[in-house]
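Now for the letters of each chain:
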Amino acid sequence: MNRRFCFAAFLMAICAVLGIATSCSDDDSVSALNITVQITAPSNTTSLDLSGKTVTITGEGRTYNGVTDETGKAVVGGVIPGVYTVSTSWTISSADYMAATGETVQNGSYIVGGSVANQTFSENVSVNVPVTMSVKQSMLISKVYYSGCKDGNNKNYLAGRFIELYNNGDEDVNIAGMYIGLTESESTPAYIIAEHKDYIYLKQIFQIPADKEFIVAPGKNVVIVNSAIDHTATNSDIYNLSNADFEAKDAQGKTQNNPDVTGLTLVYTTYPTISQMNILQSGPSGVVIFSTTDDINNWETVYATGKTKGNMFKKTPASCVLDGVDILNYKSGTGIDAATKRLYNYIDAGYPTLEAIASYTGIVAYRKVESKTNDGRAVLKDTNNSSDDWAIASREEDLQPGEYK
Amino acid sequence: MNYRLNTRIKLSVMLLSMMFCFCSYAQKQRSAVNHGNVATKTGKAYRITLHVVDDQKLPVVLARCELQPIGAFAATDMNGNAVFRDVPAGECTLKVTYVGMETIEKKINVSADVQIPLRMNTSSLALNEVEVVAKQNAAGESTSSLVTRQAIDHLQAFSLDDIMQLIPGQLMKNTDLTSKSNLQIRGLVNDNNNAFGSSVVMDGMQMSNNGAVNQGGFSSTAFVGTDLRTISADDIESVEVIRGVPSAEYGDLTSGLTVIHSRVGVTPWQVKAKVNPSSKNVSIGKGIKFRMPGTQKMGTLNFSFDYAQAWGDPRMKSNSFNRYTGSVNLGYDFSHKWHTTTKLRYNMNHDWNGNDPDATIEGSSTDVKNQNFSINHNGKISLNKKYSRTLSYTLGMTMNNSDSRYTKIVAVSSGLQPILTATETGYYSVPWATSSYRASGGDISKPNNFIAKLMNQFYLKSAKTNQSIKMGTEYHYDWNNARGYYNDDEAWPLSPNNNGRPRAYYDIPGLHQFNAFIEDKFTWNYAKGRKLIIQPGLRFTIVQPFMDEVASSLSPRINSSIDITKWLDLRLAYGRNSKTPSLDYLYPDKKYADRVAANYMPQNDAAAQLLVYNTQVYDVKRTIGLQNATNNKYEIGMDIKLPHKRSMSIIGYYEKTGNGFSYEPEYITYYSNYYSAGKGLITNPGQATTVDWNNPERIDTMFMTTGKVGNRAVSVNKGLEIDFDLGEIKSLRTHIYLTGAYSESKHWTSGYSFETPRNLPTSYKQYNTTPFKIAYPAETQKSIYRRFNTNLRFVTHIPALKMVASLSGQFIWYNYSHSTNPARTPVGWLDTDLTYHEITSAMLADPNYTIKGVKLQDQVTDGTDDVPVTNPVTWLVSGRLSKELGTFGTLSFYVNNMFFYEPFLTSSASSTLVQRNTGTFNFGFELAFKL
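Chains A and B, in that order, are what the protein sequence lines are. Under the working numbering, the first residue of the first sequence is numbered 1, with each subsequent residue one higher. Under the working numbering, the first residue of the second sequence is numbered 1001, with each subsequent residue one higher.
Since the hints were derived computationally from the structure, they do not count as laboratory data. Note that the structure is a prediction, hence the values are computed from the model and not measured. Ideal Cβ positions, reconstructed from N, Cα and C, are used throughout, including at glycine. One thing to keep in mind: the hints can contain errors.
[As the list claims (entries may be wrong)] Taking lysine-lysine pairs in the BS3-like style, the calculated list, with each CA pair at most 30 Å apart, reads: (1) A:Lys315 / B:Lys1590; (2) B:Lys1855 / A:Lys197; (3) A:Lys220 / A:Lys331; (4) B:Lys1590 / A:Lys254; (5) B:Lys1852 / A:Lys309; (6) A:Lys309 / B:Lys1135; (7) A:Lys315 / B:Lys1852; (8) A:Lys307 / B:Lys1852.
[Unchecked claim] Listed next, the stretches of chain B that the computed footprint assigns to chain A, with coverage defined by at least 3 CB atoms under 8 Å from CB atoms of chain A: (9) 1414 to 1424; (10) 1435 to 1443; (11) 1757 to 1766.
[Unchecked claim] Computed beta-carbon distance windows for the label pairs: (12) B:Thr1918 / A:Gly61: 35 to 43 Å; (13) B:Ala1845 / A:Lys307: 20 to 28 Å; (14) A:Gly78 / B:Leu1905: 58 to 66 Å; (15) B:Asp1313 / A:Gly335: 51 to 59 Å.
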């Protein structure tokens, strides 16, 4: 009996100790924090409205929201201490964009957003969230036929390569003056995206002639080619591109150009012998479209990071990029090396997934349909992540320009 | 040029005269001098009679007998007798050689008429001595390695290419007959100038490569030099590879020399077959003796036939090589003073590669048949005159017929291929292809050559000194009278670009080369058993004399050695070697540049489509001012004799070719117009488009190289070679040899390199034009290679079993490569009017200085040396076994990389694991019968 009593007393004592211990921690109890989030506008804006915007604090499996005042400040209460990402995002019209920046732009709407990651909140603090503006893209890159194919003699045929753009918005878009850039394609990336946050390196830049309007209606496409001819004469499996919208004219006399098709203006090329779009059949074949009022000739031309010889690239501000798709090189045996990505997550957080070497297989990378409008117009997926947004169609699937799935 | 030539001729005549005067002076100064056939006041001349029999006591007919250092020569007659007349008193070395027999080398002291019986032993593994490794030569002569028949057999060599791996510094390798292989002496990488300057002399006749003409000139893929795989190993009696300074007797080379002696003499029927997984080789040979009816004159006749066949990859029948060689060797003595050998050799090599019949038929194939017929006649006449002891001569002619056929599908990947066939400057409306097409054509090349050589040898001798003098003259004529490269249908060319124009060789002049040489081997026996040898020589070479493209060179050479003690010899050598330019370098093909002038392709109006190209042609015709490529070689070495027949030989060398052949950066400029639908083209729908020639949209100024060949390739090879005979472990009957080399090869180009400026505005890049060319010093960009490798060989020889086994361990201790690209500052620029402007330091200091709108500062590049790459130590072990089967045959077997050591290792520059020693595992088997 005594022994039992003693044992019970012992257990109670332990419980008491544990109880004291836990009550001690209760004494130092978690108090919810008030986090002040201050949105700061980009430096190139003069009158960006920062009021009434939702800011989100996420992390630790929790989400807190707040709304900014007219100064762009929001106080978010009840935040349990932890590690969080603070972000904000909203859409503005092109009119608002022009009002804010003073720049003349063509497209419909823009995303204003920013985020700061890995913030440790243990007390009431203020967080500064600088925002950038990117186009809520109407004009998207919708197809890249980069792989080339074999001709009737089983020899490589690359003349049929093209890039297709698509108006994914609800308004007409004038793409006159818009630029098409090809990311550099060195075997070792010429720049490391973690170290060059604000710039991408382009090997070639073409411009859609700015001398007259080129209106793209919602749901309509723009086909940009190297050779606007009927390539089915060479290989019945490939494309008739004789109705292409724009052609990168060849200055070397090694490609048939169609005099009826408007030429792109070559603004910059790394290679002195290549005046056409140098889309690589095996990747990397990253494509961006961008818009700027700068004179591109004044932009810096640079060697690959750490080099002072070799190819030189146009250092292009990432902020002017409207859309991009990062097509990477697929290596036999090792597949795709995601470390060779050229585009930042806010342009393209992924890459179209290949499962085989692309060279000369006739495959085409395309943007998937997300939904259809009531009038049957395809709305393509645009989450700035081509791993989700894009897919690869085999030659047998015969996905023609202007067709979407 | 003529001034330089005249100076050279005068200088060479002067030097040759001086040398001759020196000989005469030496002769006069010494009262106790013997010469040639004349017994002088105090000296007497004696007669040495040799009687040579084989191991069955039968006379050996036409054995070569030499008496050194006096340079006397005799051959045995039908009774096995040979006579040396008028031999001065003193010590001589007698050397008797015969095919299939062990060479006899013995010292004799001549003090009276003497008859020497000699017995030659048939080479056999039953003998106590075997030579299955390369043997370093004696000091005082050119540094060389001798590979005997026994070593070739033990190696189971298919061709001369295989034999080279026995030379110090060379790496072991597998037999590969399916790809051409040239000779790279003391070079670590394939260097065209090294290969072009490596000479092969077969039975007294130099195998010339001066008549070869390659499409594409200095293309890195063009094969240069003598193709070693075409020389079958079974008919070779011995090979001497001269890495050092060769005798003045040999010329037209820079890097080195290989001297091949074929089998001449009475031999039994010999049938050999060898096989490894990718190659097969069978040969049959026999040597007989005969007597000319009605006379006492004897001769020998050898004939052999050899067939080799190889597949590149036995699993894929896509790459094959067949080699057929037949030769007849006639040895005949017209008299006891006139000994001759005459050789006829026919060789055909057939390379084929194409699609495996079982694979997808794509239709591309390359079929190269190379036929070679040579006849050469060597004679030695023992005149025994005062200044003409032995007269040697060689007359030879080689006729080659290389017939290459190519079939391929020409890809048109960019969708438009202009068919460019113009051979004169102008604007041409050209046809085009829009998709790939089948094309065929070929190249018929007939590099032929004729050689005549005359050499006189005599000696001057006193009590303690001896001078053995060689002097001679040599004439080479190379020509190539053939169709050249062609397309079966010019409308569908094989290479529809500026390098693919056909060229016939009929217009290429022949190449005349004259040589004269003199050499004096001076031996001074300054103490008992010790001597000083100095062998100075001089060679003069002139090519295309009395023509504008004349080139000449003077090559002084000296080899020397001294016995410091009984166990230590020192050797020192310097030599200059010269290689004359080939027909390809003296008479390069025209240079073509093609540029689009109009490209109008309306898709719905085929009649209006027009493609115009501007073709610019520059014809160098003949390369005036080209010099002979000259190599300066320095050597220092020592030979140490150790107890128990051990020895060590260490040789340090440095050699530089400062003016190897390369393209000259010589430019012209021309205007090229462009006409577009917007300006210059007159278009009428449904009708042919015409050009308003005076109304171009653009006029581009273009630079073009002329294709002239110059002397700007520089290479430096230096290193240390070791050749140790570590003696025998008697209890194991095992002899140990260690050879190896530390080598360094550097290559660069001298002068300036002209480049297109960096960071040009897109307006230039778009049309591939440049406002000027900018000059950098070329020599800062170097390729450097270093390697230290050794080969340890254990040779176990059990005479009782007639068996020899060897185990070779090759270690590559150090393997380094580096391409330098330090900071470069431009030194000048070449304007479109071809005026050269220097760039001063003041211009460079000005950050805003521009040349024609291009910023000068952008042309200054920082140093970006590629990281030197060193590889970890790798090794491999090969084993070989030869066993004689009674007296009628031999069985041999080998395994290369017998432990199948193919490790994955990183290099210093990359963490990527790379497999080493790949493709080194192989095994093979040889069966030889003597009937």
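Structure-based check of each hint:
{"no.": "1", "hint": "A:Lys315 / B:Lys1590", "verdict": "violated, 42 Å"}
{"no.": "2", "hint": "B:Lys1855 / A:Lys197", "verdict": "holds, 28 Å"}
{"no.": "3", "hint": "A:Lys220 / A:Lys331", "verdict": "violated, 35 Å"}
{"no.": "4", "hint": "B:Lys1590 / A:Lys254", "verdict": "holds, 23 Å"}
{"no.": "5", "hint": "B:Lys1852 / A:Lys309", "verdict": "holds, 22 Å"}
{"no.": "6", "hint": "A:Lys309 / B:Lys1135", "verdict": "violated, 49 Å"}
{"no.": "7", "hint": "A:Lys315 / B:Lys1852", "verdict": "holds, 24 Å"}
{"no.": "8", "hint": "A:Lys307 / B:Lys1852", "verdict": "holds, 26 Å"}
{"no.": "9", "hint": "1414 to 1424", "verdict": "holds (count 5)"}
{"no.": "10", "hint": "1435 to 1443", "verdict": "holds (count 4)"}
{"no.": "11", "hint": "1757 to 1766", "verdict": "holds (count 8)"}
{"no.": "12", "hint": "B:Thr1918 / A:Gly61: 35 to 43 Å", "verdict": "violated, 53 Å"}
{"no.": "13", "hint": "B:Ala1845 / A:Lys307: 20 to 28 Å", "verdict": "holds, 24 Å"}
{"no.": "14", "hint": "A:Gly78 / B:Leu1905: 58 to 66 Å", "verdict": "holds, 60 Å"}
{"no.": "15", "hint": "B:Asp1313 / A:Gly335: 51 to 59 Å", "verdict": "violated, 28 Å"}
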